[in-house]
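Visitor: Residue 206 in the numbering used here is what sits at position 206 of the sequence shown, and the numbering runs on without skipping anything.
No lab work stands behind these hints, which were simulated from the structure alone.
Note that the structure is a prediction, hence the values are computed from the model and not measured.
Just so it is clear, CB atoms sit at the ideal spot from N, CA and C, and this is done for glycine as well.
Any given hint could be a false lead.
What the hints assert, rightly or not - Taking lysine-lysine pairs in the BS3-like style, the calculated list, with each CA pair at most 25 Å apart, reads:
id, residue 1, residue 2
1, Lys68, Lys268
2, Lys681, Lys630
3, Lys77, Lys162
4, Lys35, Lys21
5, Lys25, Lys630
6, Lys556, Lys528
7, Lys77, Lys198
8, Lys556, Lys524
9, Lys556, Lys521
10, Lys198, Lys151
11, Lys129, Lys68
12, Lys35, Lys68
13, Lys198, Lys35
14, Lys578, Lys528
15, Lys521, Lys578
16, Lys630, Lys21
17, Lys68, Lys198
Unchecked claim - Label pairs and their calculated CB-CB ranges:
id, residue 1, residue 2, range
18, Pro415, Ala675, 27 to 35 Å
19, Gly258, Glu532, 53 to 61 Å
20, Lys578, Asp197, 24 to 32 Å
21, Ala675, Asp195, 46 to 54 Å
22, Arg81, Trp441, 20 to 28 Å
23, Arg412, Leu670, 30 to 38 Å
24, Leu580, Pro415, 56 to 64 Å
25, Pro694, Ser383, 25 to 33 Å
26, Ser383, Lys162, 20 to 28 Å
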Amino acid sequence: MSPQPQAAVGAPLSRVDGRLKVTGKATYAAEHDIKGVVHAVVVDSTVARGRITDIDTRAALAQPGVLKVISHLNAPKLAYRDNPASIDPLEGDRLHVFQDDQVLFHGQPVAVVVATELETAQHAASLVKVSYDARQPSTDMADPADRPDWKPITYARGDADKALDSAAVRLDVTYRMGRNHHNPMEPHATIARWDGDKLTLWDKTQWVPGTQVELAAVFGITQESIRVISPFVGGGFGGAIRSWPHVTIAAVAARETGRPVKLVLSRKQLYFGVGYRPTYEFRLGLGSDRRGRLTAMVNDVTAETSTYENFVEEGILAPGNMFYSTPNVRQEYRTVSLDVNTPCWMRGPGYATGSFAVESAMDELAHELGIDPIELRRRNEPSEDESNNLPFSTRRLRECYTVGAREFGWDRRDPKPRSTRDGDWLIGTGMAAGVYHHLYWAAQASVRLNADGTALVEAATSDMGPGTYTSQTQLAADALGLTIRNVTFRLGDSRMPVTPPHGGSMTMANVGSAVQDGCDKLRKQAIKLAVEDEDSPLYGADTDTIVVRGGRMHVKDNPARGETYQRLLARNNRTHLKVLGSYTPEESHRASVHSYGAVFTEVAVDARLGLVRVRRMLGVYDVGRVISPKLADSQALGGMVGGIGQALLEHMVMDQRDGRIVNADLANYLVPVNADIPDLKALYLDGEDHEADPIGVKGIGEVVQLGVAAALANAVFHATGRRIRSLPITAEALL
1 MSPQPQAAVG APLSRVDGRL KVTGKATYAA EHDIKGVVHA VVVDSTVARG RITDIDTRAA
61 LAQPGVLKVI SHLNAPKLAY RDNPASIDPL EGDRLHVFQD DQVLFHGQPV AVVVATELET
121 AQHAASLVKV SYDARQPSTD MADPADRPDW KPITYARGDA DKALDSAAVR LDVTYRMGRN
181 HHNPMEPHAT IARWDGDKLT LWDKTQWVPG TQVELAAVFG ITQESIRVIS PFVGGGFGGA
241 IRSWPHVTIA AVAARETGRP VKLVLSRKQL YFGVGYRPTY EFRLGLGSDR RGRLTAMVND
301 VTAETSTYEN FVEEGILAPG NMFYSTPNVR QEYRTVSLDV NTPCWMRGPG YATGSFAVES
361 AMDELAHELG IDPIELRRRN EPSEDESNNL PFSTRRLREC YTVGAREFGW DRRDPKPRST
421 RDGDWLIGTG MAAGVYHHLY WAAQASVRLN ADGTALVEAA TSDMGPGTYT SQTQLAADAL
481 GLTIRNVTFR LGDSRMPVTP PHGGSMTMAN VGSAVQDGCD KLRKQAIKLA VEDEDSPLYG
541 ADTDTIVVRG GRMHVKDNPA RGETYQRLLA RNNRTHLKVL GSYTPEESHR ASVHSYGAVF
601 TEVAVDARLG LVRVRRMLGV YDVGRVISPK LADSQALGGM VGGIGQALLE HMVMDQRDGR
661 IVNADLANYL VPVNADIPDL KALYLDGEDH EADPIGVKGI GEVVQLGVAA ALANAVFHAT
721 GRRIRSLPIT AEALL
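Let's have the full structure, built from the sequences with the hints guiding it.
Guide: So this is what it looks like as structure tokens:
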């Protein structure tokens with residue numbers, strides 16, 4: 001007999017959609033060829049606060065090819081119903097585009113020009129003259145004006161303030177993190193077409209069902225009246241999880257003109273047309289005894305939000321209340337309303353910010369006590385999650401430290417700051433830990449086995465780059481007993497079974513569990529059909545003894561007794577078998593489930609110029625079962641790159657006089673490029689976590705960025721003796 005096919009799960013396979021992407025055949029939102037499509041360009045406000053007093057569209061409408069200019073003066077009134085299914089901020093309400101004359105932030109959409117050609121629409125948009133009654137905006141957290149007073153989020157156990165005051169060793173420091181923008185390669189884009197009262201959207205989105213439900217709420221129509229299509233997403237990082245105003249604008253323009261409308265945000269508009277990681281100020285008080293055992297932690301966190309929505313990231317408090325054993329904790333997280341657009345989630349939301357402060361402070365405490373940073377963390381390892389008194393499902397940080405220290409060569413480190421040089425370069429090493437929670441969300445997937453022995457699996461999830469097409473195909477292939485080439489996974493269509501947002505490291509765990517369930521059901525259905533078929537070689541066999549390999553069912557201990565899926569379906573005159581797989585998490589959980597990581601890095605700092613160069617970086621992760629090692633590496637290395645940007649480069653600059661973002665382009669908002677990326681390596685601890693989900697995986701996409709910024713800041717301190725508490729770390733700060 002021929003050798004049995006190897007398992008797909010765990011194999012370092014290349015992306016099944018890779019050829020489509022490198023040959024340009026993958027179709028992104030703006031690339032769909034829709035007959036009769038016209039083009040829309042948004043006109044943005046040039047003030048950050050006030051009201052519109054006049055819009056002069058005469059010059060724009062005089063341009064040949066211009067079909068319509070839409071603003072609050074002639075736009076239809078929209079329903080804007082509440083959307084309880086959204087993941088938008090719980091307080092406030094989303095921006096109601098073209099519904100009144102109010103301006104709430106610089107760059108707010110105030111009109112849209114629709115024309116037969118893109119260049120015509122762009123030129124006409126520049127001719128629209130908008131007059132304002134402008135007021136001085138408030139855009140700096142240090143100087144807030146009279147704005148909504150959102151209720152703070154608090155957490156406490158013990159008496160943290162008293163314990164901090166009496167601690168043998170105390171730190172009281174403030175960390176600041178500048179605003180970060182997502183900057184995906186693919187800009188946000190939507191094509192909208194109405195067919196009677198039916199709306200189709202070809203949209204860049206990380207949540208296909210979410211866009212469908214939101215547009216139904218905005219227009220006051222049924223969810224079934226809307227179809228959302230999004231087969232490929234060219235990067236998202238959290239910026240495309242919610243539906244932004246341009247999606248509604250495209251749909252309004254299409255309905256008002258009676259033509260399909262394509263709307264693509266410019267690179268500049270990505271800085272205010274969608275969300276961003278907000279600016280944070282993080283005051284942290286840390287107390288310990290002389291042996292480094294933590295006795296108190298106090299966090300006072302302040303973040304920016306808009307005046308019309310209160311965006312919060314509760315995960316920002318988690319590193320301070322569950323990462324280390326601390327009997328006394330007090331936390332307050334307050335948002336400040338400013339004349340800016342609403343922030344949103346960005347890779348490692350909340351945790352990426354909180355871990356920078358906590359892990360930097362732990363390094364400061366280690367230096368103050370003269371204890372190795374790894375040893376300090378070991379001494380404060382909790383036995384349970386002290387924020388909810390639940391046991392950990394797996395928490396293998398000690399092993400991450402051990403493996404990372406060995407592979408990185410941590411024992412060769414001279415702990416004294418500014419002790420190692422390489423010519424004019426000061427050399428430093430640093431480390432930090434990361435933690436990210438496991439998100440539970442119900443999901444569904446359909447599975448169809450065809451008479452030719454191929455299978456089709458479908459779910460309405462997205463793939464913004466982590467490789468959802470590939471990983472779900474691997475999982476399905478093994479569950480069905482088929483080879484990779486005989487399984488097709490499709491996604492990105494609201495007509496497919498419903499799935500959660502594609503973010504928060506939840507797709508593999510939740511959608512994958514639904515795929516596994518559906519494939520298991522279908523495989524068992526086929527086996528049952530065979531054992532009840534008198535003409536089958538498997539007739540009368542015990543179903544529990546039958547396995548499937550390479551599309552062939554056979555008795556486990558008797559491989560000769562069996563038949564293929566194809567033969568079974570043909571004999572029974574079946575064109576296919578089809579089932580709906582589902583995953584519904586339990587309402588209460590028996591364990592605290594998180595992904596963990598430890599990051600080690602080496603930097604060189606020019607002693608004269610203050611330039612920081614990353615030399616090498618290693619991450620070691622506890623993420624449960626790894627479905628696809630090659631995709632895991634792609635995620636890990638990408639997360640490290642994102643952390644390098646967060647730590648050393650990315651910083652939005654705003655003109656406080658008018659709320660204008662000065663560096664709203666990739667020439668002046670710096671992100672890492674190839675020359676910035678050194679030797680990066682990721683390792684994963686073997687194991688599975690079935691407290692997390694039926695397939696034993698935990699999220700990897702977020703945790704791989706956590707700890708990177710802190711590890712780099714700690715390495716810069718080790719190299720220079722200068723403690724930098726504001727991100728990004730600039731040359732000026734080190735001179």
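Visitor: Next, verify each hint and record whether it holds.
Guide: Each hint, compared with the structure:
no. : hint                          : verdict
1   : Lys68 <-> Lys268              : 23 Å, holds
2   : Lys681 <-> Lys630             : 12 Å, holds
3   : Lys77 <-> Lys162              : 56 Å, violated
4   : Lys35 <-> Lys21               : 24 Å, holds
5   : Lys25 <-> Lys630              : 22 Å, holds
6   : Lys556 <-> Lys528             : 15 Å, holds
7   : Lys77 <-> Lys198              : 18 Å, holds
8   : Lys556 <-> Lys524             : 15 Å, holds
9   : Lys556 <-> Lys521             : 19 Å, holds
10  : Lys198 <-> Lys151             : 40 Å, violated
11  : Lys129 <-> Lys68              : 15 Å, holds
12  : Lys35 <-> Lys68               : 19 Å, holds
13  : Lys198 <-> Lys35              : 17 Å, holds
14  : Lys578 <-> Lys528             : 14 Å, holds
15  : Lys521 <-> Lys578             : 9 Å, holds
16  : Lys630 <-> Lys21              : 17 Å, holds
17  : Lys68 <-> Lys198              : 22 Å, holds
18  : Pro415 <-> Ala675: 27 to 35 Å : 30 Å, holds
19  : Gly258 <-> Glu532: 53 to 61 Å : 57 Å, holds
20  : Lys578 <-> Asp197: 24 to 32 Å : 30 Å, holds
21  : Ala675 <-> Asp195: 46 to 54 Å : 49 Å, holds
22  : Arg81 <-> Trp441: 20 to 28 Å  : 23 Å, holds
23  : Arg412 <-> Leu670: 30 to 38 Å : 32 Å, holds
24  : Leu580 <-> Pro415: 56 to 64 Å : 58 Å, holds
25  : Pro694 <-> Ser383: 25 to 33 Å : 27 Å, holds
26  : Ser383 <-> Lys162: 20 to 28 Å : 24 Å, holds
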